[in-house]
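S.K.: Assemble the whole structure, with the sequences as input and the hints as a guide.
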Amino acid sequence: MRFLAYAMAYATHPDMQVIRSHVSDGELREVLPNAPTRIIDARSWAYCHVKMGRFPVPATPQWTFGTT
164 MRFLAYAMAY
174 ATHPDMQVIR
184 SHVSDGELRE
194 VLPNAPTRII
204 DARSWAYCHV
214 KMGRFPVPAT
224 PQWTFGTT
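Take the sequence shown: its position 32, counted from the start at 1, is 195 in this note's numbering, and no numbers get skipped.
Wrong hints could be hidden among the right ones.
Cβ pair distances, simulated, as ranges [what the hints assert, rightly or not]:
1) Gly189 <-> Gln225: 24 to 32 Å
2) Gly229 <-> Ser184: 35 to 43 Å
3) His185 <-> Gly229: 13 to 21 Å
4) Thr227 <-> Thr175: 27 to 35 Å
5) Gly229 <-> Val186: 29 to 37 Å
6) Pro177 <-> Pro199: 20 to 28 Å
7) Pro177 <-> Thr227: 21 to 29 Å
8) Gly229 <-> Thr175: 31 to 39 Å
9) Gly189 <-> Ala209: 31 to 39 Å
10) Phe228 <-> Arg183: 33 to 41 Å
11) Val220 <-> Ile182: 18 to 26 Å
12) Gly229 <-> Gln180: 14 to 22 Å
13) Ser187 <-> Gly229: 23 to 31 Å
14) Val186 <-> Phe228: 27 to 35 Å
If you're looking for bench data, these hints aren't it; they were derived computationally from the structure.
Predicted model only: the values in this text are computed from it and were never measured.
Think of the CB as a built atom: it goes at the ideal place given N, C-alpha and C, for glycine as much as any other residue.
M.R.: Below you can see the structure in the form of structure tokens.
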């Protein structure tokens with residue numbers, strides 16, 4: 164899961180072509196709502212959701228420090 168989240172943020176188009184030859188679209192869709200916070204930037208977050216057919220694009224996950 165973490166590897167795919169990093170790939171969604173940093174992989175080039177050729178990199179993603181290789182990854183998508185080994186990972187199904189369903190598995191990639193599963194990563195999006197479960198991605199660890201602070202890995203996928205807002206631009207990549209929006210692009211990946213659109214690419215996977217998820218509309219409307221939800222807000223990026225928020226990271227919080229500690230609990231209150």
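S.K.: Which numbered conditions among the earlier hints are violated in the structure presented, ordered from lowest to highest?
M.R.: Violated hints: 3, 7, 9, 12, 13; rest satisfied.
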